Amino acid sequence: MVGKKCRIEVIDSLTVVMGLGLIVISAAKAAQAGASLDELTALVRRAMPRSHAVMSFDTLKYLAKGGRIGKAQGLLGSLLSVKPILTMKDGEVSPLTRVRSRAAGMDYLYHYVANFPKIEGLAVEHATTPDDAEALVERLGSLYPKDRIIKSTVSPVIGTYVGPHVLSVSILEGEKP
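The working numbering puts the first residue of the sequence shown at 1, with every later residue one more than the last.
Hints in this document: simulated from the structure, not taken from any laboratory. Among these hints, one or two may not hold up.
[To be verified] Pairs of lysine-lysine, BS3-like flavour, derived with a Cα cap of 30 Å:
id: 1; residue 1: K146; residue 2: K29
id: 2; residue 1: K61; residue 2: K151
id: 3; residue 1: K61; residue 2: K89
Every value quoted in this text rests on a predicted model; they were computed, and no experiment measured them.
Starting from the given sequences, assemble the full structure and let the hints guide the process.
In C-alpha coordinates, the structure reads:
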(Lines of atoms letter the chains of each structure in order from A and count residues from 1; the text may use other names and numbers.)
(Lines give C-alpha, C1' and ligand atoms only; values in the text may rest on other atoms or scores of the structure.)
Protein backbone atom coordinates (compact mmCIF):
# COMPACT_ATOMS: atom_id res chain seq x y z
CA MET A 1 0.00 0.00 0.00
CA VAL A 2 2.81 2.47 0.74
CA GLY A 3 4.85 1.54 -2.32
CA LYS A 4 8.11 1.32 -0.40
CA LYS A 5 9.54 -0.25 2.74
CA CYS A 6 8.53 1.32 6.01
CA ARG A 7 9.17 0.49 9.64
CA ILE A 8 6.19 -0.64 11.69
CA GLU A 9 6.01 -1.03 15.47
CA VAL A 10 3.42 -3.40 16.94
CA ILE A 11 2.45 -2.75 20.55
CA ASP A 12 -0.08 -4.70 22.62
CA SER A 13 -1.75 -1.98 24.70
CA LEU A 14 -3.28 -4.57 27.08
CA THR A 15 -6.47 -2.53 27.13
CA VAL A 16 -9.71 -2.13 25.19
CA VAL A 17 -12.36 0.33 24.13
CA MET A 18 -11.53 3.98 24.76
CA GLY A 19 -8.73 3.00 27.14
CA LEU A 20 -6.94 2.21 23.89
CA GLY A 21 -8.67 5.04 22.03
CA LEU A 22 -7.27 7.71 24.36
CA ILE A 23 -3.74 6.34 23.85
CA VAL A 24 -4.22 6.39 20.07
CA ILE A 25 -5.58 9.95 20.11
CA SER A 26 -2.59 11.10 22.16
CA ALA A 27 -0.20 9.40 19.72
CA ALA A 28 -2.01 10.84 16.69
CA LYS A 29 -1.69 14.37 18.08
CA ALA A 30 2.03 13.83 18.65
CA ALA A 31 2.42 12.44 15.11
CA GLN A 32 0.65 15.48 13.67
CA ALA A 33 3.07 17.65 15.65
CA GLY A 34 5.99 15.87 13.96
CA ALA A 35 7.00 13.16 16.45
CA SER A 36 9.20 10.38 15.05
CA LEU A 37 8.23 6.71 15.18
CA ASP A 38 10.65 6.16 18.08
CA GLU A 39 9.10 9.10 19.96
CA LEU A 40 5.60 7.79 19.27
CA THR A 41 6.54 4.29 20.43
CA ALA A 42 7.94 5.72 23.66
CA LEU A 43 4.84 7.91 24.13
CA VAL A 44 2.52 4.91 23.73
CA ARG A 45 4.55 2.78 26.15
CA ARG A 46 4.48 5.61 28.74
CA ALA A 47 0.73 6.05 28.25
CA MET A 48 -0.18 2.38 28.68
CA PRO A 49 0.08 2.27 32.50
CA ARG A 50 -1.78 5.59 32.68
CA SER A 51 -4.78 4.29 30.73
CA HIS A 52 -7.71 2.96 32.74
CA ALA A 53 -10.99 1.53 31.41
CA VAL A 54 -13.70 0.72 33.95
CA MET A 55 -17.04 -0.80 32.99
CA SER A 56 -20.31 -1.17 34.83
CA PHE A 57 -22.36 -4.19 33.72
CA ASP A 58 -25.92 -5.31 34.32
CA THR A 59 -24.79 -8.91 33.87
CA LEU A 60 -21.69 -10.95 33.10
CA LYS A 61 -23.56 -13.49 30.99
CA TYR A 62 -22.32 -12.02 27.69
CA LEU A 63 -18.68 -12.05 28.79
CA ALA A 64 -19.13 -15.62 30.03
CA LYS A 65 -20.75 -16.76 26.76
CA GLY A 66 -17.90 -15.22 24.79
CA GLY A 67 -15.21 -16.75 26.99
CA ARG A 68 -13.84 -13.32 27.93
CA ILE A 69 -14.53 -13.37 31.66
CA GLY A 70 -10.93 -13.88 32.87
CA LYS A 71 -10.39 -13.21 36.57
CA ALA A 72 -13.94 -11.93 36.93
CA GLN A 73 -15.25 -15.53 37.03
CA GLY A 74 -15.68 -15.27 40.78
CA LEU A 75 -18.52 -12.82 40.24
CA LEU A 76 -20.55 -15.30 38.19
CA GLY A 77 -22.13 -16.95 41.23
CA SER A 78 -24.25 -13.91 41.94
CA LEU A 79 -25.27 -12.82 38.46
CA LEU A 80 -28.81 -11.94 39.43
CA SER A 81 -28.30 -9.83 42.53
CA VAL A 82 -25.37 -7.55 41.72
CA LYS A 83 -24.01 -5.27 39.03
CA PRO A 84 -20.31 -6.01 38.51
CA ILE A 85 -17.72 -3.28 37.93
CA LEU A 86 -14.77 -4.56 35.90
CA THR A 87 -11.49 -3.24 34.54
CA MET A 88 -8.58 -4.52 32.49
CA LYS A 89 -5.39 -5.62 34.27
CA ASP A 90 -2.47 -6.95 32.27
CA GLY A 91 -4.75 -7.49 29.27
CA GLU A 92 -7.35 -9.51 31.19
CA VAL A 93 -10.82 -8.63 32.47
CA SER A 94 -10.55 -8.20 36.22
CA PRO A 95 -13.16 -7.40 38.91
CA LEU A 96 -13.08 -4.17 40.90
CA THR A 97 -16.28 -4.39 42.92
CA ARG A 98 -20.01 -5.10 42.81
CA VAL A 99 -22.89 -2.73 43.34
CA ARG A 100 -26.61 -3.29 43.83
CA SER A 101 -28.08 -1.01 41.16
CA ARG A 102 -27.39 0.76 37.90
CA ALA A 103 -27.44 4.11 39.75
CA ALA A 104 -24.81 2.81 42.17
CA GLY A 105 -22.74 1.71 39.17
CA MET A 106 -22.91 5.22 37.73
CA ASP A 107 -21.91 6.62 41.15
CA TYR A 108 -18.94 4.26 41.24
CA LEU A 109 -17.78 5.36 37.77
CA TYR A 110 -18.06 9.03 38.79
CA HIS A 111 -16.09 8.52 42.01
CA TYR A 112 -13.50 6.43 40.18
CA VAL A 113 -12.79 9.36 37.85
CA ALA A 114 -12.85 11.80 40.79
CA ASN A 115 -9.90 9.96 42.35
CA PHE A 116 -7.53 11.05 39.57
CA PRO A 117 -5.86 14.40 40.33
CA LYS A 118 -4.69 14.98 36.75
CA ILE A 119 -6.59 13.76 33.69
CA GLU A 120 -5.21 14.07 30.16
CA GLY A 121 -8.19 12.42 28.45
CA LEU A 122 -11.62 11.14 29.44
CA ALA A 123 -14.24 9.12 27.57
CA VAL A 124 -17.68 7.72 28.35
CA GLU A 125 -19.03 4.79 26.35
CA HIS A 126 -22.27 2.88 26.25
CA ALA A 127 -23.85 0.14 24.18
CA THR A 128 -27.58 0.97 24.15
CA THR A 129 -28.08 3.57 26.87
CA PRO A 130 -27.20 7.02 25.48
CA ASP A 131 -29.29 8.79 28.14
CA ASP A 132 -27.29 7.16 30.95
CA ALA A 133 -24.05 8.03 29.17
CA GLU A 134 -25.14 11.64 28.73
CA ALA A 135 -26.16 11.87 32.40
CA LEU A 136 -22.71 10.59 33.40
CA VAL A 137 -21.01 13.07 31.06
CA GLU A 138 -23.03 15.90 32.63
CA ARG A 139 -21.98 14.80 36.09
CA LEU A 140 -18.32 14.33 35.10
CA GLY A 141 -18.37 17.87 33.74
CA SER A 142 -17.75 19.02 37.32
CA LEU A 143 -14.40 17.18 37.25
CA TYR A 144 -13.20 17.64 33.67
CA PRO A 145 -14.25 20.01 30.87
CA LYS A 146 -17.47 18.54 29.52
CA ASP A 147 -16.71 19.61 25.96
CA ARG A 148 -13.51 17.53 26.04
CA ILE A 149 -15.17 14.33 27.27
CA ILE A 150 -15.35 11.90 24.36
CA LYS A 151 -18.72 10.17 24.05
CA SER A 152 -18.92 6.97 22.07
CA THR A 153 -20.85 3.79 21.50
CA VAL A 154 -19.03 0.49 21.87
CA SER A 155 -18.48 -1.35 18.61
CA PRO A 156 -20.78 -4.24 17.66
CA VAL A 157 -17.94 -6.72 18.31
CA ILE A 158 -17.30 -5.37 21.82
CA GLY A 159 -21.07 -5.15 22.32
CA THR A 160 -21.47 -8.89 21.85
CA TYR A 161 -19.15 -9.43 24.83
CA VAL A 162 -20.30 -6.66 27.16
CA GLY A 163 -24.03 -6.79 26.54
CA PRO A 164 -26.61 -4.09 25.90
CA HIS A 165 -26.42 -2.08 29.12
CA VAL A 166 -22.69 -1.58 29.67
CA LEU A 167 -21.52 1.87 30.73
CA SER A 168 -17.83 2.65 30.72
CA VAL A 169 -15.38 5.40 31.62
CA SER A 170 -11.87 5.49 30.25
CA ILE A 171 -9.19 7.77 31.66
CA LEU A 172 -5.77 8.72 30.43
CA GLU A 173 -4.01 10.05 33.50
CA GLY A 174 -1.84 13.09 33.06
CA GLU A 175 1.89 12.41 33.22
CA LYS A 176 3.48 12.98 36.59
CA PRO A 177 6.26 15.60 36.51
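Right, here's what the structure says about each hint:
With a CA separation close to 20 Å, the supplied pair K146 and K29 stays within the 30 Å bound. For the hint linking K61 to K151, the alpha-carbon distance of about 25 Å falls within 30 Å, and the restraint holds. At most 30 Å may separate the alpha-carbon atoms for a hinted pair to count; K61 and K89 meet this at roughly 20 Å.
Of the numbered hints stated above, none is contradicted by the structure.
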